[in-house]
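J.: Chains A and B, in that order, give the protein sequences.
Quick note on numbering: my numbering labels position 38 of the first sequence as 38, and the sequence is numbered without any gaps.
Quick note on numbering: my numbering labels position 180 of the second sequence as 180, and the sequence is numbered without any gaps.
A hint or two may mislead.
The list treats identical chains as one, so a pair stands whether inside a single copy or across any two.
As the list claims (entries may be wrong) - Result set (BS3-like, lysine-lysine): computed pairs, CA atoms no more than 27 Å apart in a straight line:
#	residue 1	residue 2
1	K278	K30
2	K113	K209
3	K290	K139
4	K277	K66
Hints listed in this document are in silico derivations from the structure and should not be mistaken for laboratory results.
Protein chains: 2
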Amino acid sequence: MKKSNSFSGRVLITGVGGFSGKYLSSYLHKEYPEAEVWGIDISEQSLSLSSINFIRSDITDYDNIKRAIARIQPDTIFHLAGTFDCGNLMSLYQVNAIGTEHLLRATTCLSKKIRIVLASSAAVYGTVLPKENPVKEEKKVSPVSHYGLSKLAMEMIGTMYGQRENNLEIIIARTFNLIGYGLSPLLLPGKLAKEIQELSKSQERKPLKVGNTNTIRDFIDVRDAVKALALLAIHAKENNAYNIGSGVGNKIKDLIKLFIDKVDPDIEVLTDRNLFKKSDPDIVTADISKIKNHTGWKPEIKLDKSVLDIIKLINRQV
Amino acid sequence: MKKSNSFSGRVLITGVGGFSGKYLSSYLHKEYPEAEVWGIDISEQSLSLSSINFIRSDITDYDNIKRAIARIQPDTIFHLAGTFDCGNLMSLYQVNAIGTEHLLRATTCLSKKIRIVLASSAAVYGTVLPKENPVKEEKKVSPVSHYGLSKLAMEMIGTMYGQRENNLEIIIARTFNLIGYGLSPLLLPGKLAKEIQELSKSQERKPLKVGNTNTIRDFIDVRDAVKALALLAIHAKENNAYNIGSGVGNKIKDLIKLFIDKVDPDIEVLTDRNLFKKSDPDIVTADISKIKNHTGWKPEIKLDKSVLDIIKLINRQV
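Next comes chain A alone, as it looks inside the complex (with noise of 0.2 Å):
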């Protein structure tokens, strides 16, 4: 565990220009300006790169991070480059399992130490029994997606990582259910917003459809979760994984409750069971004592709080 509450030398953020990416490079630079922060990512668009050092690169081509990671000389890393379009099997892999063995490899070369972060799901969890909730990180992992095993690849090429390199602190991330302004309507609480603002400002009175709404789900403000990521870099103890979540339990319907309620409470919600999915557990919380007695962290942000922010923002935009 590091003495100090703070970051030494260079933190790199790869990923930087996606949700997380935002979040946690705003963070950075406002909690800690002692710290200099690079990002890396595929592409430059909607980044603003005042508060940080950028590097575009590609994190499935190796001689590209290797230069990369070669300029940058990192201290410290968060690995938050990945995907979760299940509509690209191969993408799936390549960035999110090999993209991390080209991260890893490329670091070898530096003669120093480096923490690095890998940002991970509950995903590669699985099936989840109700009996097994709080979800503690000795449960058995067993992936029921593409994207929870890829995922898992990630998390055992860190592992193979930092068994063999002496250099190499790797610290697994398990991030649950993210909610928070700028998320993808890929997600439920993104796709929530953006639908509920649609139909709400739509002259046809159409109701919100929805899938199985009575599934319970651990909601954490994206907010939150960087301040998690941040911590962990600090505190947390290598070669370990650690669940970022509420530790709070909320059904899909009283998340939905809580958009229209703030957006239009007069938009009618309709069950519809071809939205239901298979392999969806009843019940997924965090159990979140390793994280809060490791690091001191605890989420502070409530679920009502965070659909209030998204609101406001979004209506800032229009």
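Take the given structure of chain A and dock chain B to it, following the hints.
T.: Here is chain B on its own, set in the frame of chain A:
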């Protein structure tokens, strides 16, 4: 568990032109003449096609594999198509993981029960502590190579389909170190057979360079292994993994001695520390009580006979 002791309907072997595929097709032809055996492979090279119905098919091309499955209408599938070339990471995941996804997705279009044996590997276990031997199927999987990772991805894809699709009965076969005539020189016994033959014929008296020969491995003759695959297809419990090994540990140095004694006892053995591998466990042997109990299979060919038969067949070729 099937009551019968045979195969009903059509049997498909993927990767039929590979090492195990050739032995399995010959074995089924001889021992189960009532079975209608089909084979697919990416090429027809080096196939003797007299005993099987062959369709050229590429497991990495979903439309292609779907057409083949629709035409063959298999009742039993031995999925042996795979690659172990760690020099091409993309190909490892594309063939072993995504290829399996393609095959299983294609089978969901058939409206009948299908038994599917997936050829996995002891590599999914990863690091094995001395006290964990002989390795049981329940041991926590934790690959330390991309090959092991890609095979674990294959297993998990099989598990996903097995849980989701009522008509698919998935059986996982984890084979330990195969030995037999025709084995790739990328794998140890194939490499030894090749190198020792070459040294024996060479004019110069060069020594055989070897790595750590005190490691203990479980070698299983490919003829015993394909018999195990056949019995698993008939008798195994679905959604179960089975070790296929001899249950016996042999030091690498003893395997080398067997080869040298039979080819040319004058060959000198030289230990080269550069050939030692960091992540090689000292001992890995299979617990084979599960496959014995569930199928009645037991290994019958001793290691010295495997070696003798390889030498005989090589000499016949010369």
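J.: If you test the structure against every hint from before, which numbers come out violated?
T.: Of the numbered hints, 1 and 2 do not hold.
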